[in-house]
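There are 2 protein chains.
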Amino acid sequence: MPKGQRIVLASRPVGEPTPQNFRLEEFDVPAPGEGQVLLRTIWLSLDPYMRGRMSDGPSYAQPVPVGGVMEGGTVCEVIDSKSPGFAKGDIVLAHSGWATHAIADAKPLRKIDPALGPISTAVGVLGMPGMTAYTGLLDIGQPKEGETVVVAAASGAVGSAVGQIAKVKGARAIGIAGGKDKCDYVKQELGFDDCLDHRDPDLAAKLKAACPNGIDVYFENVGGEVFEAVFPLLNAFARIPVCGLIAQYNAFETPPTPKWATALMRHVLTKRLTIRGFIVSDFAGRRQEFLREMSGWVRDGKVKYREHVTDGLENAPEAFMGLLKGANFGKQLVRVGPERA
Amino acid sequence: MPKGQRIVLASRPVGEPTPQNFRLEEFDVPAPGEGQVLLRTIWLSLDPYMRGRMSDGPSYAQPVPVGGVMEGGTVCEVIDSKSPGFAKGDIVLAHSGWATHAIADAKPLRKIDPALGPISTAVGVLGMPGMTAYTGLLDIGQPKEGETVVVAAASGAVGSAVGQIAKVKGARAIGIAGGKDKCDYVKQELGFDDCLDHRDPDLAAKLKAACPNGIDVYFENVGGEVFEAVFPLLNAFARIPVCGLIAQYNAFETPPTPKWATALMRHVLTKRLTIRGFIVSDFAGRRQEFLREMSGWVRDGKVKYREHVTDGLENAPEAFMGLLKGANFGKQLVRVGPERA
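From first to last, the protein sequence lines stand for chains Y and X. Counted the way the numbering used here counts, the first sequence spans residues 1 to 341. Counted the way the numbering used here counts, the second sequence spans residues 1 to 341.
FYI, nobody ran anything at the bench for these hints, they're computed from the structure. It is possible that some hints are incorrect.
Note that the list lumps identical chains together, so a pair holds whenever it fits in one copy or between two copies.
Said to hold, decoys possible - With a straight-line cut-off of 35 angstroms between C-alpha atoms, the simulated DSBU-like cross-links for lysine-lysine are:
#1 K3 with K304
#2 K169 with K144
#3 K144 with K107
Isolated chain Y (complex conformation) (with noise of 0.2 angstroms):
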């Protein structure tokens, strides 16, 4: 019986995640059973969410066991298969979490389509990050030309790709990124208007000056201070699509409910905003046309995408809690087997 290895939730994290959080266990790899595949895993995604679930608070998802393994979406090749869809060497988007190997049920799983782009996109730019971003920006956002769009974490997975969909709509970027690289990279190679640094003492300041008509869109990837800047700046009829909060992900405790409902209330009404949270499963009707779009965006120079790739499984907590902080720039995959074996 061939050996895996696996990393599980040791302990849950109390603020940051530490080491300690995580195991390395080697298992034995079983066969499949009928109707299941048996998978290696090439591509792992790392992603904000996950630290969600290393916590049991109240989510929109379950939390992940102590001891199960954690979770995540990968690229996979078949190399076992009891199943008639699915065939040795096949290619397939997973969700079988930090794993060389996992049996999966060959339903849930889909087939690569190669020609779409490199395969490791199925988990970035043409996958759940971009796909975040498509839906939350044109279903919710919905950019008209000449508006102003902002976003935050211009630099990573889901921001780099906001910003792109916004000017091909013919509106303008301003993005928001950490430290002068990440905001070099995102005006030179991806073309946004601008990029402001969320460490800059005069972020408030800068963003105003940025947006001199206001902002028509705030793509809410990152929670806190950057909306704290954003939020005199918002124009009538404002849209606020929340998908993510990574700046609170390590919060030790839901913050308190204060007596801030007079002033929120008041923005919206004067300023017709709409605030509208999502996750992409909701909207799970427009994947195919998200991947039409997407992919000839990507194919057409339109849409770019930077990948931060970490090798070895098992350093894949480093590379975790580092996405925390902000350390990746790119989409941050782990290549845990090569590509062909």
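Take the given structure of chain Y and dock chain X to it, following the hints.
Just chain X now, with coordinates in the frame of chain Y:
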């Protein structure tokens, strides 16, 4: 030249309006020019939004200038016409303000169809307040059968229609109102499933008990304290149309923007909330459908309404100051003149 009376803004209020902020004036009623009509006011509508027009802070509308006639929707009789579209005796919906007579451009006037209901309803259940309820609830709130809709100021012009339309759509309607008489009316006459007194110190606990399945739609037309009780009960995918904030209209200044973004955004995301500000003119295209449906519901007894009538233009300021404190019971009107002179 006949004499008319009008009430002008004598000075801008700081906090609650006082009688000194208003001044009753006599004026010479002029003759209409080409394309104009001379109006005799029958019904003047008093509405909370007027408090906003008395201040010159930032808003979605221009303030009334000091010395200018107080703004307001009216039901009037045309008593002289220099417009081919209108004849003496026509009953029209106008925005001619707190005055017994007014010259008006004919173009924005609308003839009132008396077949739809008593002419006073053109500024009530079949007018701006009714359409605010209809579009805010149906276009933004979108209540589904079996869902729970909560509305504050439930005995008022907007709130009473919101709850009854929710019932038409098969939802549960929970009202919040000030005092036992209003709550009894909301439950027994309007047929809400329950109604709670916002002065009750146990409001939060009682609201929780009244909403055992949580809250799917909160129609925000009050602002402040009620929303604090509603917030923790909101279900995933709850919708919050925001159309008015009467509790804040007398605030001395715009409240500061504290660091509440954390708590807010966490709930918006994990519950996939939609919070959307609107004013009824944003939905002007829905007017015909509103009139057709709402007049049918009123005819069938599915939507009831109550009018709180004050006699005489000179009493409008006192009635308006009472409205801001919740002293009215139902749609506040001023009978400026008889229906038939």
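Hints versus structure:
no.	hint	in the structure
1	K3 with K304	neither (38 angstroms within a copy, 73 angstroms between copies)
2	K169 with K144	both (7 angstroms within a copy, 34 angstroms between copies)
3	K144 with K107	between (39 angstroms within a copy, 32 angstroms between copies)
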